[in-house]
Structure formats: C-alpha cells, structure tokens
Amino acid sequence: MDTFTPVSALAGGALIGLASAVLWLGIGRIAGISGIFGQLLPPAAATAAWRAVFLVALVLGALAASFVFPGFGVGGPNGRPATLVSAPAWTAIPTPVWLAIAGLLTGLGTRIANGCTSGHGICGLARLSLRSLVAVVVFFGVAVLTVAVTGVV
Amino acid sequence: MNNSLKLTYLGTAALSGLLFGAGLYVSQMVDPLKVLRFLDFGAIPSGGWDPSLAFVMVPAVIVMFAAVRLGRRRSAPLFDRHFSTPAFDRVDARLVAGAALFGIGWGMSGICPGPAIALIAFLPQNLWIFLVALAAGSWIGSRFAPQVQLADAAASPVAAE
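Protein chains in written order, with the working numbering: chain A, 1 to 153; chain B, 1001 to 1161.
Hints were generated in silico from the structure; no laboratory data involved. Ideal Cβ positions, reconstructed from N, Cα and C, are used throughout, including at glycine. Certain hints may be false.
As the list claims (entries may be wrong) - Beta-carbon label-pair distances, calculated as ranges:
#, chain 1, residue 1, chain 2, residue 2, range
1, B, Arg1073, A, Pro81, 44 to 50 Å
2, B, Asp1092, A, Ala46, 24 to 30 Å
3, A, Asn78, B, Asn1002, 24 to 30 Å
4, A, Pro81, B, Arg1143, 53 to 59 Å
5, A, Pro43, B, Pro1045, 30 to 36 Å
6, A, Thr91, B, Ala1076, 49 to 55 Å
7, A, Gly141, B, Arg1143, 23 to 29 Å
Said to hold, decoys possible - Looking from chain B toward chain A, a few residues come up when the C-beta cut is under 8 Å (computed):
#, residue
8, Leu1007
9, Ala1014
10, Ser1016
11, Ile1044
12, Phe1088
13, Asp1089
14, Ala1118
15, Leu1119
Unchecked claim - Among the chain B residues that face chain A by a calculated CB cut under 8 Å, a handful are:
#, residue
16, Leu1010
17, Gln1028
18, Pro1045
19, Phe1055
20, Val1058
21, Asp1080
22, His1082
23, Ala1087
24, Gly1098
25, Gly1105
26, Ser1109
27, Gln1125
28, Ala1133
29, Ala1136
30, Ser1138
31, Ser1142
Okay, chain A solo, but in the shape it has when bound (with noise of 0.2 Å):
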C-alpha cells in the first residue's frame, strides 16, 4: 500500500496552486469547486459558460495527467482502479444510502459556509480570510471526528 507519498503531493499541490492563480490573476476569480459547481445549478447564473468550462476540463485534466503521468496510484492505464469507500458494517446502511448522505451533506454544507477544500482551503487561506480559517479548521476537525466516529478507514 503506497501510503505517505510527499512528492507527487507537493507537486499535485503546485499544480492545484498554480490553477488557483491563474484563475484568479487571469478572470479574476476564485478556484472554489464547490461554488463553480453550486452556481451551475438552477437558477443558471449568467457567468455559467466559464463554469461549465472550468468544470469539463477538470476532468479532462485529471483524465489526460493519468495518461501522460501514468502509475500515480488511482486511474489511468497504470493505476488502481478507483473505488468509493463502502459504508461500515456496524451501521447496516447500504454502501449507496451511505454515499448518498454523505454527497447531500458535502453539498448543504458547502453550499451554505460558502466553499469547501479548495475555496476555503487553498483560496480563503491564501487571502488571510479569517472566515475561511474558521471554515477549514471546523472542517477538518468534524471530518476528523466523522472518521474516528464511524470507523469508515
């Protein structure tokens, strides 16, 4: 099991900054997924083209990098396919209920705090937003919580 992999993190990483900045320095606009995402959604902002761009290249991005930078871990030609976790046995909840509950609380919450991992995180950080800083340590520490909690690893 390839666990702890510093250096293609800090190069993902890099790269995740990098598409941050030029988001920002060429359109002016904030690399948060969950609010490029959101704002797709009905009622259809009138800024919907450049999201639904952002949004198909994201995949093809990762899609052509599997390809071009083969056997990272996930996906590609060279790597494992890629797997959702299955819900923990003592629950009793099927794997897809679970999945479910999970997409629906990751969309309210990102929804309403205004950004997620990347908006927050990335973004809100780097501006020194102390109301991003709040986001990403309540966050972090619930979602430390949720895996002590439901033993989901």
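Based on the hints, put chain B in the right spot on chain A.
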C-alpha cells in the same frame, strides 16, 4: 460583449481546470481512501497515518498566496474589469454550521467537491449517486446561502464562491 463569454476568459477557465484536474490526479487526492487515511488521526500511534494531504495544501496555498500578492499590484485581472473578491467576510453561525455539515460528509466519504467531479475521469462505482446527492444538497443549501450569492447572477463585482 460580456467579458465572461470571450475566448480569453473561457480559455483561462479551461487552462485552470486542466491544471486543477492534473493536480488532483498527481497528488492522488482523487483517491477517497487516501484522503480518509489522512483524516484517520487514530492511526498516528500505529504509524499507519498518511500525511500526504497536508503536503498538498502547503504548496497550493503558497502559490496562491503569491498570486494574491501579485494581484494586489493590479487594478484588474488580465481578462476582466475587476477581481471578484468574496464580499461576505463575516464569521457567523451559518459558516460554522455549513462547514460542520461538510465535515461530516467529507469524513463519511473522503470526497470533497473537486475530487468528486474529477473522479468522473475514472468512474468508480456509485460515483453518480454521490454527484446527484451533491447537486441536490447544493441546490437545497442555496436556499440558505447569504444574499451576496445572488449578486453573482448579475455578474457584479461582489460575487462569492
């Protein structure tokens, strides 16, 4: 013509999306099980903890921090008339409640919104269930979102992400 429909504007969005997706793959944050191995602090004593996610965040924040500093010297981004700085900066109960709900969802699944969408490239089983639920949750949440969200619909400078 609306700036946001120009080729330079959409091309910038495409370049950013490509880099972001590549970064998620290279860092392996597309792997929910790897993200969960970071969130599993209980594995620290046994040495099974995977600190990789922290190693993703640090360079990402540093590069973006430099971009924000660079942006402060300019009155506008390259291809628009203004920076869409989030205008809503209050720390309130809604922020904490929303972040906590997201934390529960993230801890249950190991999937945050970026990887959720990037994973369409690799189509793990049950991904669509998560994505449909994500969209539904986001749509319901928009009923409770701060008013500044609406400003974005008019492409005003006070958009929030």
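Results for each hint:
no., hint, in the structure
1, Arg1073/B to Pro81/A: 44 to 50 Å, "holds, 46 Å"
2, Asp1092/B to Ala46/A: 24 to 30 Å, "holds, 27 Å"
3, Asn78/A to Asn1002/B: 24 to 30 Å, "violated, 43 Å"
4, Pro81/A to Arg1143/B: 53 to 59 Å, "violated, 37 Å"
5, Pro43/A to Pro1045/B: 30 to 36 Å, "violated, 50 Å"
6, Thr91/A to Ala1076/B: 49 to 55 Å, "holds, 51 Å"
7, Gly141/A to Arg1143/B: 23 to 29 Å, "holds, 26 Å"
8, Leu1007, "violated, 11 Å"
9, Ala1014, "holds, 4 Å"
10, Ser1016, "holds, 4 Å"
11, Ile1044, "violated, 11 Å"
12, Phe1088, "holds, 7 Å"
13, Asp1089, "holds, 5 Å"
14, Ala1118, "holds, 4 Å"
15, Leu1119, "holds, 6 Å"
16, Leu1010, "holds, 5 Å"
17, Gln1028, "holds, 4 Å"
18, Pro1045, "violated, 13 Å"
19, Phe1055, "holds, 4 Å"
20, Val1058, "holds, 6 Å"
21, Asp1080, "holds, 5 Å"
22, His1082, "holds, 6 Å"
23, Ala1087, "violated, 11 Å"
24, Gly1098, "holds, 3 Å"
25, Gly1105, "holds, 3 Å"
26, Ser1109, "holds, 4 Å"
27, Gln1125, "holds, 7 Å"
28, Ala1133, "holds, 3 Å"
29, Ala1136, "holds, 6 Å"
30, Ser1138, "holds, 4 Å"
31, Ser1142, "holds, 6 Å"
Figure legend: structure checked against the earlier numbered hints; hints not met, in rising order: 3, 4, 5, 8, 11, 18 and 23.
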